[in-house]
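Chemist: Read top to bottom, the protein sequences are chains A and B.
For the first sequence, the residue numbers in the numbering used here are -2 to 195.
For the second sequence, the residue numbers in the numbering used here are -2 to 195.
Hints are supplied without guarantee of correctness; some may be wrong.
[What the hints assert, rightly or not] List of simulated lysine-lysine pairs, DSS-like, C-alpha gap at most 30 Å:
1. Lys23/B to Lys23/A
2. Lys185/A to Lys153/B
3. Lys153/B to Lys152/A
[Unchecked claim] Here's a subset of chain B near chain A, in silico, CB distances under 10 Å, partners left out:
4. Asn118
5. Asp124
6. His170
7. Tyr172
8. Lys185
Just so you know, the hints here were simulated from the structure itself, not pulled from any lab data.
C-beta atoms are modelled at their ideal positions from N, C-alpha and C, and glycine is treated no differently.
So you can see what is in the structure, the chains are spelled out below.
2 protein chains.
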Amino acid sequence: MGYSIITISREYGSGGRNIGKAVAEKLGYEFYDNALVDKIAKESGFAEEIIKDAGEYATSGNSFLFSLSMSNLSEINMPSISYQIYAVQRKIITELAEKGNCVIVGRCADYILKDREDVLNVFISADMEFRKNRIINVYNEGGNKPEKMLRDKDKKRKTYYRYYTDSEWGMSHNYHICLDSSKFGIEKCADIISDIAK
Amino acid sequence: MGYSIITISREYGSGGRNIGKAVAEKLGYEFYDNALVDKIAKESGFAEEIIKDAGEYATSGNSFLFSLSMSNLSEINMPSISYQIYAVQRKIITELAEKGNCVIVGRCADYILKDREDVLNVFISADMEFRKNRIINVYNEGGNKPEKMLRDKDKKRKTYYRYYTDSEWGMSHNYHICLDSSKFGIEKCADIISDIAK
């Protein structure tokens, strides 16, 4: 069978976003990464810059501190920004899946759509060297401590994912296929995924 | 590039062993599962039944209790059975890899061979329903608590792997490709892996 919705979760710097884009092109699917941020910003009323971070990262890599920051406000009377964004994200991702033929990057889409048979959940990882090279040379990020930046990003994504899904980010059991982009390269990963999705 | 050594790690009941066997047949590679147990038994002098369990499972799913059981004996004067088996496993797996063109199931082979470029490390997971059905119908195991048996097996493999590799069993980052056999089926998983390995 083919899959009409592909979700891509990824370690920062693994090239997961580019793999998702290439898969969308190969299959003629819509690609939702920045386009998703746009939609969430419009519907929630928050600025795009806020959505980019607060829709995927915990404010702290420490899960206790993050949970504490979330419980400081009454959920019913005054939901936190993170809760509000998650609710809008969830709604939009569910609507996009209804239309089908799309690739969605990040934002717990794998978990949100986990009960649909037509979804292929992908996770992309890569070794530290590959990720360091990418953030330095492609994104001009990381300063003089690229490894620290990457570990910090991983921690915050992990904490965010754990909080909203009660599952472990990056654990193979939570995805249908996981690929190491530093082993295969970006193009080959896109080929493998699109061949399976066809 | 092709890969001359394929290691298959797997959740119990996921069909990982059968996938490995099918891959070996497709590629014309040697298949080491029971054949590996034979070799380890001959070289270590322990019975095959002991090797089967003590070469992949912690004696307890509790990592503290397992570590305690390992530290009760002086490693130098009287290495525990688990240590002795691990050492023989490590030696044999390294020798098999030197010969190449083989599929090796379990036994931390992914970690033991992690510095070789020609190795493809695979992890197979599956959902609980699929695994329950397989152990009941294919292996006639699990009694009236198949789910408990599977969770217990997972815990013991996880503890064993953590002890000898200091890494997390089943975490996508530790493998090159992870597949959900309950999503794709055994045959399709074998096709995906052998296509990549060619």
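Chemist: All hints are to be evaluated individually against the structure, with a verdict given for each.
Modeler: Now for the hints, and whether the structure bears them out:
1. Lys23/B to Lys23/A: Roughly 28 Å separates the two Cα atoms, so the pair holds.
2. Lys185/A to Lys153/B: violated, 35 Å
3. Lys153/B to Lys152/A: holds, 26 Å
4. Asn118: Result: holds, 8 Å to nearest chain A Cβ.
5. Asp124: OK, holds: Asp124/B within 10 Å of chain A, min 8 Å.
6. His170: holds, 5 Å
7. Tyr172: holds, 7 Å
8. Lys185: holds, 8 Å
Hint compliance for this structure: hint 2 alone is broken.
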